[in-house]
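Undergrad: One line per chain: the protein sequences are A and B, in this order.
The working numbering applies: residue 1 is where the first sequence begins, and numbers increase by one.
The working numbering applies: residue 334 is where the second sequence begins, and numbers increase by one.
Worth flagging that the hints you see were computed from the coordinates, not collected in a lab.
Fair warning: this is a prediction, and the values are worked out from it, not measured in the lab.
Among the clues, some could well be false.
Claimed, not checked - With beta-carbon atoms standing in for the labels, derived distance ranges:
id, chain 1, residue 1, chain 2, residue 2, range
1, A, Lys178, B, Glu513, 26 to 32 Å
2, A, Ala333, B, Lys732, 30 to 36 Å
3, B, Tyr781, A, Gly213, 39 to 45 Å
4, B, Pro745, A, Arg147, 44 to 50 Å
5, B, Lys733, A, Val331, 28 to 34 Å
6, A, Met317, B, Lys733, 56 to 62 Å
7, A, Ala333, B, Met531, 35 to 41 Å
8, A, Lys268, B, Pro745, 53 to 59 Å
9, A, Leu289, B, Met568, 53 to 59 Å
10, B, Gln619, A, Ser260, 25 to 31 Å
Just so it is clear, CB atoms sit at the ideal spot from N, CA and C, and this is done for glycine as well.
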Amino acid sequence: MANEGDGASAVPSVPNFTRDEELHALRQMLLIRRFEEKAGQLYGMGVVAGFCHLYIGQEAVVVGAKMAAREGDEFTTSYRDHGHMLASGMDPRGVMAELAGKRGGYSKGKGGSMHMFSREKNFFGGHGIVGAPAPIGAGIALANAYRGDGKASLTFFGEGAANQGQVYETFNMAALWKLPVLFIVENNHYAMGTSLTRAAAQTDFAMRGAAFGIPGHQVDGMDVRAVRAATAEALEWCRSGKGPYLLEAQTYRYRGHSMSDPAKYRSKEEVQKMREEHDPIEQVRLRLLADGVNEDELKKIDANVRKIVADAADFAMGDKEPDPSELYTDVLA
Amino acid sequence: MTINVLMPALSPTMEQGKLAKWLKSEGDAVKAGDVIAEIETDKATMEVEAVDEGVLARILVPGGTENVAVNTPIAVIAGEGEDASAIEAPPATKAPTPPSAPQDEAGEAPKARREAAIEAAAPAPKPATVAAPPAVSAAPEVPAGTTMIPMTMREALRDAMAEEMRRDPSVFIMGEEVGEYQGAYKVTQGLLQEFGPMRVRDTPITEYGFAGVGVGAAFAGLRPIVEFMTFNFSMQAIDHIVNSAAKTLYMSGGQIHCPIVFRGPNGAAARVGAQHSQDYGAWYSQVPGLIVVSPSNASDAKGLLKAAIRNDNPVVFLENEILYGKTSEVPALEDFVLPIGKARIARPGTDVTLVSFSIGMTYALGAAEALAKDGIEAEVIDLRTLRPMDTQTLVESVKKTGRCVAIEEGWPQCGIASEVAARLHQEAFDYLDAPIARVTGKDVPMPYAANLEKLALPSVAEVVAAAKAVLYRA
Numbered sequence: 001m002a003n004e005g006d007g008a009s010a011v012p013s014v015p016n017f018t019r020d021e022e023l024h025a026l027r028q029m030l031l032i033r034r035f036e037e038k039a040g041q042l043y044g045m046g047v048v049a050g051f052c053h054l055y056i057g058q059e060a061v062v063v064g065a066k067m068a069a070r071e072g073d074e075f076t077t078s079y080r081d082h083g084h085m086l087a088s089g090m091d092p093r094g095v096m097a098e099l100a101g102k103r104g105g106y107s108k109g110k111g112g113s114m115h116m117f118s119r120e121k122n123f124f125g126g127h128g129i130v131g132a133p134a135p136i137g138a139g140i141a142l143a144n145a146y147r148g149d150g151k152a153s154l155t156f157f158g159e160g161a162a163n164q165g166q167v168y169e170t171f172n173m174a175a176l177w178k179l180p181v182l183f184i185v186e187n188n189h190y191a192m193g194t195s196l197t198r199a200a201a202q203t204d205f206a207m208r209g210a211a212f213g214i215p216g217h218q219v220d221g222m223d224v225r226a227v228r229a230a231t232a233e234a235l236e237w238c239r240s241g242k243g244p245y246l247l248e249a250q251t252y253r254y255r256g257h258s259m260s261d262p263a264k265y266r267s268k269e270e271v272q273k274m275r276e277e278h279d280p281i282e283q284v285r286l287r288l289l290a291d292g293v294n295e296d297e298l299k300k301i302d303a304n305v306r307k308i309v310a311d312a313a314d315f316a317m318g319d320k321e322p323d324p325s326e327l328y329t330d331v332l333a
Numbered sequence: 334m335t336i337n338v339l340m341p342a343l344s345p346t347m348e349q350g351k352l353a354k355w356l357k358s359e360g361d362a363v364k365a366g367d368v369i370a371e372i373e374t375d376k377a378t379m380e381v382e383a384v385d386e387g388v389l390a391r392i393l394v395p396g397g398t399e400n401v402a403v404n405t406p407i408a409v410i411a412g413e414g415e416d417a418s419a420i421e422a423p424p425a426t427k428a429p430t431p432p433s434a435p436q437d438e439a440g441e442a443p444k445a446r447r448e449a450a451i452e453a454a455a456p457a458p459k460p461a462t463v464a465a466p467p468a469v470s471a472a473p474e475v476p477a478g479t480t481m482i483p484m485t486m487r488e489a490l491r492d493a494m495a496e497e498m499r500r501d502p503s504v505f506i507m508g509e510e511v512g513e514y515q516g517a518y519k520v521t522q523g524l525l526q527e528f529g530p531m532r533v534r535d536t537p538i539t540e541y542g543f544a545g546v547g548v549g550a551a552f553a554g555l556r557p558i559v560e561f562m563t564f565n566f567s568m569q570a571i572d573h574i575v576n577s578a579a580k581t582l583y584m585s586g587g588q589i590h591c592p593i594v595f596r597g598p599n600g601a602a603a604r605v606g607a608q609h610s611q612d613y614g615a616w617y618s619q620v621p622g623l624i625v626v627s628p629s630n631a632s633d634a635k636g637l638l639k640a641a642i643r644n645d646n647p648v649v650f651l652e653n654e655i656l657y658g659k660t661s662e663v664p665a666l667e668d669f670v671l672p673i674g675k676a677r678i679a680r681p682g683t684d685v686t687l688v689s690f691s692i693g694m695t696y697a698l699g700a701a702e703a704l705a706k707d708g709i710e711a712e713v714i715d716l717r718t719l720r721p722m723d724t725q726t727l728v729e730s731v732k733k734t735g736r737c738v739a740i741e742e743g744w745p746q747c748g749i750a751s752e753v754a755a756r757l758h759q760e761a762f763d764y765l766d767a768p769i770a771r772v773t774g775k776d777v778p779m780p781y782a783a784n785l786e787k788l789a790l791p792s793v794a795e796v797v798a799a800a801k802a803v804l805y806r807a
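Bound conformation, chain B alone (with noise of 0.2 Å):
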């Protein structure tokens, strides 16, 4: 009997990663639960075991071989009495392919053994259900002729951080697993190193207790980042966030100001069900004295997160797991900051206009190149900044194309897309030849099971039928 030993996943949305090395060679007794092998995906080095015992008669993929795919078969271990260098090698699911470019791995990646490692760890490949999202066009506030540089959300986010924190010493960050773990989502890699344990602070499980440390501590003129693991779990410190943050510019008469930065993953991740899959964009962008930025792209992100730490209010960033691993093109400008408050128009067209921001650009954006092979030119607005509403942009689009989508991937009632609604019926009515429609999640909790969660969340299809509807074209 010969076992196949697999490429593991460490998490729920891992589809990939490096068999770093191996640590038994061929012709090695092996037992269950000996470390045979390492794998790093672009967050963590993990260790595999084995999980019977015998001869580990054939490693199918070398040490240092990129982007094995999940389930790819990595060794072959024999059992007793079996002759091991009989054994020919399984047919391979999936190939691995060829080591390409490094990642962003962690220089000293924390090593954790597999078990431990299944609940933080999600790195960052999307699963299936959503297309990769189309080249999305450069921030209008860039120069022309910058020279851009490929870079993920998640380097984007880490350089946003460590720059101002260059800039500025009273620039701190404070969460869980930021420092010496290195980020739950790596997103925090390598500011412990710059920096120190005093402007990055590990906290305990904490949220509610965290969140009002890190506003006491901005009233008293430091300007702290807070990261909360998933915005999921914001929701034990939201009082802080609304009732202390938020209002006490308010409340004191323009005396207190609450420099603050709550960021961290917000929304669905992928098959972590209801708990962990929450869309709060709406939520807190009904607070007046927040600021609420949701970016959809590196460069939105770097600028944005930048212009967020020296705003001077408190400011909900809201991410995207699934986002955190997506390169796109950033500009290579030594202090890149980008304009809170203002849309950014994607993708021009005459149609339909659609609206979205974060990961829901990614419907958007699909949509958009699906419509145009029917003829259909549609002009994709990423919001960017959830509150301030830029409504001018939007209204500016609409008096364009008659038409409108609003798609986003939180809850239809009281949601971003009912405001965009709300907004565009009061000041781009006479511009309406058909009633705004939206797209959003579906009004239930985040199912588990991967065809319900599919059918749970917008999707492409939904989008250009949308946008259909409102042309009034089947």
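One chain only, chain A, in its complex shape (with noise of 0.2 Å):
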């Protein structure tokens, strides 16, 4: 399904991953997929409340990201944003305490599920405005490029987004000043209710940088490792200087645009037919079985993961509300 854009040169097509590597991914994959499980429970409960925006389906995206991404590249999302903090390395315990409105939660509970970060993981939110994560993110990348650290910011936002004035604005400048940005285009095919044919009048996002002269490359945002080899690539090129690259990882979100849409406006029959053909955790399990891996092996990952998630719920639960001395810390600094 490589659809080049500008420039860019061929992705393999869907290089194989290691054993290893294919646990890996399952691993994170299914931390993500049970997390966000989880907290959709405890949004039923009370627990979580608010904005509450699921990755459920997409997870494939920021896993295989990651897995190209080098210690110290910085990542930075939109409000849909727990797969890429447990994916970054935060303590799943921190996020669903955040998501609960504790003072254990990342942002001692003050910024709920739209709103982290985590300078140790170089995870720089969790930004609650549509398309506001593609120059925060460039800036990122301008900090690192004034540096010359050889980092590369990896910023993703939704094909939405990606019909946002701010980001073109954005692509304009990472190009002129050749930033080392790789702007990733989570296309879920709907912006809240709206398909993207609705939206957008060029639904190859991937074209949308070409008269910036931004290559762009479609890929299978459904196929963990077609995403880190196009991530790998991309960065490749991001790092050499020669400027940013935008990734479109087609992709599917399982659940309604947050908790409170029963997305009445696609139809059930479509969406079985995404997570019985495209999982992506499901096509990882496959490999793995056929590569010989046994069966019991997978549910004992899938165990460990409901246990780290079971056990951050539990946190997230006992743990307190923000003393009401905190309403007036971090203001200012």
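Two chains, each in its own frame: build the complex with the hints.
TA: Rendered as structure tokens:
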């Protein structure tokens, strides 16, 4: 399905993972999946509130990208951010506690689902304004270029955000200044309830940087191997001083836009078909089984992940709300 | 038919400039479009073109003359068949003043043809609608006996940035025309030459985008100074200023700092109409997580800009185009940094407190002088920082005077003056002998017509009247 944008060389079609890589990808994607399922449950229980956007179905995008990134590369994304935080190595307890608005959360309970950060893990949010990650991620890349530290900034936003003006302002500057930034458009086909064909005149998002000379590439975002390979090639481009690169990861979210979205704008059959035929986790699982890995071993991985997630949920529920004195802290440095 | 060539105005606020040199001599034939002379303002060099053809009969203002008033005849062009040598000089509408000490002209001032320069160019002098600001008293933070150097606010701002860029390699400036053009208002003059293009970064005209890029760079540990050509254009970027810069420290539980300065001219200039004449003091000062500074003179501008660059928070630094060219005394200290959040008593007094900031101080100090002639001693307070606002200094003053007039060029509803009034009602109610009065910009979009613009802005007379009203004096 690779559809060339401007100037990029072809990415080899779905290079294989080693068994260890497959197991790593499975573990990471399962962690995100189970975490999100739990978050959804806790939302139903009233533990998690407000806006909560689940990443279920899109796991291969951030996991594949992370596998291609180097230690120190920065990640920035929008409000559908739990997966990016877990992939960045942030503690599930801290993430879940933040969802619950508790003091042990990454933002001490003051950020919520959409606003979490980790300096330590180079995760720069968690931004609630559609399109905002683009210039922020490019600004982080500007800092990398300024210091000449060889780091690249991976900047994620959805195909809905790709229609925002600030994204194109950013493309222009990033290309003009040859910033080491990789823009990853997570095309899950629906901007809230509006399908991309109803919102976009150009639905090939890999082409969206062409006017600025930014090479683009479409990749199967349900296949973690394809994402990693495309990301690796793109990052090499960014790091070599050639400037930004644009990846469109074609993916799909199984849940509504947020917890309050019944997703009536698409058929149950459509969702079911994606789940059955393209599920990113099931693809890895089947490959591992075909490779001779014992089903029990895979079940053990799932059980471990469930334990981590259950622990995170317990921690979040048992943790205290922030002290009232926290109301006025962290307003100014 | 002879044609008088007049000293042209190069921008809406230009009153005078230097006739740098003549490119044609008396007796030369000229045709329309020929460049006949070069003139300089404190921000740019421009070419004067002949508008008709003929012979350059007389040069009335020699090359090198400073402070030539706009509309002064500078040459005479004789038409076809006229005896150029017989032409008399027309009476000058305003005699050019003799050459004086050089202003802050660019060593390599960008040349631009006049047409291209009209929009962006905007040099210092204030039109006659506002009186020259009376001398301000030095900031209390300046040690007694410090040598003071007269300097324009423009130079003070540039020096502040240059000093901080020398001190800290993570400080850089980005914005439209900050580099090669040397600053649309010449505030960044010379910085590109000293610090190079990585640290003095020209941006496309893309406020929303480059404000966001600046915020990202600040998150990643740099200290960007983001210049808006004017704050009017920051409305395109206000999402990143408020949502990304101001809120992220809080949203990250104290993890992600955003040490960034958004600076540029704010408020009305002169005759630039409604979309280019807005005061954003009240807008930004409403936002928790921002610091908002708005100085009225060169010394405060320098000390506060240095403090803003060193501050770990996002700072909105509101300058004023009309004040850029005003000269005041700046302490000759190696590292002059002023505290953010401290107001300054610009003039002590006992009868009524006048509170303002930025160009509003012009009205406040002018009124204080006028009131003194009637035996009324006004205490004038320059807020300097709008957020956090120095309530303490206001309260102390009102305890003494019992009366207060708050003055600003911004609109009346939910303005800085409203905030001053609210705070004093809450914290000094028992000391007030009269309701607090406000003198603000009028509740209208800024009109273009000179008379209407004057009416839309506050005036010294309005401040005097308000002060007398709260004193119950006619």
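Undergrad: Please go over all the hints and tell whether each is borne out by the structure.
TA: Verification of the supplied hints:
Taking the beta carbon of each, A/Lys178 and B/Glu513 are about 19 Å apart, not inside 26 to 32 Å as hinted. Roughly 33 Å separates the CB atoms of A/Ala333 and B/Lys732, a value that falls within the hinted 30 to 36 Å. Taking 39 to 45 Å as the suggested C-beta distance range, the pair B/Tyr781 and A/Gly213 conforms, at roughly 42 Å. Checking the proposed 44 to 50 Å range against B/Pro745 and A/Arg147 shows it holds: the Cβ atoms sit about 47 Å from each other.
In this structure, B/Lys733 and A/Val331 meet the distance hint of 28 to 34 Å, their C-beta atoms being roughly 32 Å apart. The hinted window of 56 to 62 Å between A/Met317 and B/Lys733 holds, with their beta carbons roughly 57 Å apart. Distance hint for A/Ala333 and B/Met531: a CB-CB separation of about 26 Å, inconsistent with the stated range 35 to 41 Å. Between A/Lys268 and B/Pro745 the C-beta distance comes to about 57 Å, which sits within the given range of 53 to 59 Å.
The given range of 53 to 59 Å is respected by A/Leu289 and B/Met568, whose C-beta atoms sit roughly 58 Å from each other. At about 30 Å, the beta-carbon gap between B/Gln619 and A/Ser260 stays in the expected band of 25 to 31 Å.
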